[in-house]
Every structure is written in structure tokens, then in C-alpha cells.
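Peer 1: Going by the working numbering, the residue at position 125 of the sequence shown is 130; the numbering climbs one at a time, nothing skipped.
These aren't lab readings, by the way, just hints derived from the structure by calculation.
Incorrect hints may have been included.
List time: in silico DSSO-like cross-link candidates among lysine-lysine, alpha-carbon distance up to 27 Å [unchecked claim]: (1) Lys92 to Lys8; (2) Lys8 to Lys98; (3) Lys8 to Lys71; (4) Lys90 to Lys115; (5) Lys98 to Lys115; (6) Lys8 to Lys64; (7) Lys98 to Lys193; (8) Lys92 to Lys71; (9) Lys95 to Lys193; (10) Lys193 to Lys92; (11) Lys71 to Lys95; (12) Lys64 to Lys90; (13) Lys193 to Lys8; (14) Lys83 to Lys115; (15) Lys64 to Lys92; (16) Lys95 to Lys115.
Label pairs and their in silico Cβ distance ranges [as the list claims (entries may be wrong)]: (17) Ile93 to Phe36: 19 to 29 Å; (18) Thr160 to Ala134: 37 to 47 Å; (19) Leu189 to Ala32: 18 to 28 Å; (20) Met57 to Gln161: 20 to 30 Å; (21) Phe164 to Asp54: 20 to 30 Å.
The C-beta atom is built at its ideal place from N, Cα and C for all residues, glycine as well.
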Amino acid sequence: GDKLSVYGPFVSYELLELGDIEFEVQASPRFQGFDESDSDVFIGMEERDFSMDFGANLKYERDNWKLSVGFLRDIFNKSDGLELKAKIAKAYKFGPIFFEPNISVSHLDKNHVDYYYGVRDFEVTQNRALYQGDNAINQSIGFSVSTPIFFGGFTQLAFDYTMYDSSITDSPLVERDNNLSMRLLFSKFF
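Given the sequences, and given the hints that come with them, work out the whole structure.
Peer 2: Below is the structure:
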């Protein structure tokens, strides 16, 4: 039904709707894993596995404003990590085209940061120092353009610029303190 949303590997299910407020549960893959074949910097390191997160999200929408707060927890116990996230966005409509700027903040706990960005004592080399990750707060700004006018579905192009916390960027595995990402999504309702 209309309570289940599937966007590729990302799944959410709306449990409750009260006026402008929605409560949903969600499952999301964690694609941050690596092995030593991914980059020379990982040679001699133990593999960090792909994982799956499960959590909940509370959304509030009114007058084209969107606010969401939620959490995701590693359910495969790879990192045993937790992410808390808050996001605010405002949608603007011009004919059949929607524009949506947003800002968000994400808290990654020590377990998550240490698993994906830490260097254990047996992984230390001359060029890779011991590193224990700590809690991190990342900040993002984004912008998306969406429209229902192509191919009988819904198309969205989104850009996000993320500034990583020093708990991540101080890791010898990380080369940059920011990331620019782009997503192109197409969905069709059946």
C-alpha cells in the first residue's frame, strides 16, 4: 500500500500518521565497508563489512516545511554503531517542478566511527598510525529538483555537501574533510 516505500535498497514503512506528523520505521544498507583491494591505504587492514541499519523516523510537514528526526542502528552488529539525524527542508513549487533546499546534522557514535575510520594496533604501519574514533557530528547542506513530468513517474536530482567532523577527518584513512554527492532517482507507482 501507500505506507510502504522502497527506493532501491532503502525501505520504510509508515506506522502512524496524525495530521502533519508521521512515524515510520526504516531499513537502510550501510555501504561504508571496505577491504584491502579498495585502496592501497587499506592494505594490511582487517575488512570492514557492509552492514544493515534499522531505525525509526519522526516527520513533521506543514506549509511546505519538512522536519525529520530519527535514528539508525547497526542490526548486523558489524560496528554496533548508532546514527542520530535531524533535517529541515523547505519545498518550493514552480509549475510541475519542485525545488527543495535542506540542512541536516548527523551524530555518529564512537562505535560507528571507530569501526569504519579507526586503525587497530595490529593494522599500524609506518604510514598508518593507530587511531581510535570518537563520536562525530557531521553537517550537510543539500538541494534537490523533482518533477513528475518524465516517463509517467517521479524524477529527482539531488546534491548534498557534507562537512565531516574532525573525529573522522583526523583518521589516517581519510583524505578529505568534505564530500559532494549527487543522486538521480526515478520512481514509478504501480
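Peer 1: Decide, hint by hint, whether the structure agrees.
Peer 2: Going through the hints against the structure:
no., hint, result
1, Lys92 to Lys8, "holds, 21 Å"
2, Lys8 to Lys98, "holds, 24 Å"
3, Lys8 to Lys71, "holds, 18 Å"
4, Lys90 to Lys115, "holds, 15 Å"
5, Lys98 to Lys115, "violated, 40 Å"
6, Lys8 to Lys64, "holds, 14 Å"
7, Lys98 to Lys193, "holds, 20 Å"
8, Lys92 to Lys71, "holds, 8 Å"
9, Lys95 to Lys193, "holds, 23 Å"
10, Lys193 to Lys92, "holds, 25 Å"
11, Lys71 to Lys95, "holds, 6 Å"
12, Lys64 to Lys90, "holds, 12 Å"
13, Lys193 to Lys8, "holds, 15 Å"
14, Lys83 to Lys115, "holds, 13 Å"
15, Lys64 to Lys92, "holds, 9 Å"
16, Lys95 to Lys115, "violated, 32 Å"
17, Ile93 to Phe36: 19 to 29 Å, "holds, 25 Å"
18, Thr160 to Ala134: 37 to 47 Å, "holds, 45 Å"
19, Leu189 to Ala32: 18 to 28 Å, "holds, 22 Å"
20, Met57 to Gln161: 20 to 30 Å, "holds, 24 Å"
21, Phe164 to Asp54: 20 to 30 Å, "holds, 29 Å"
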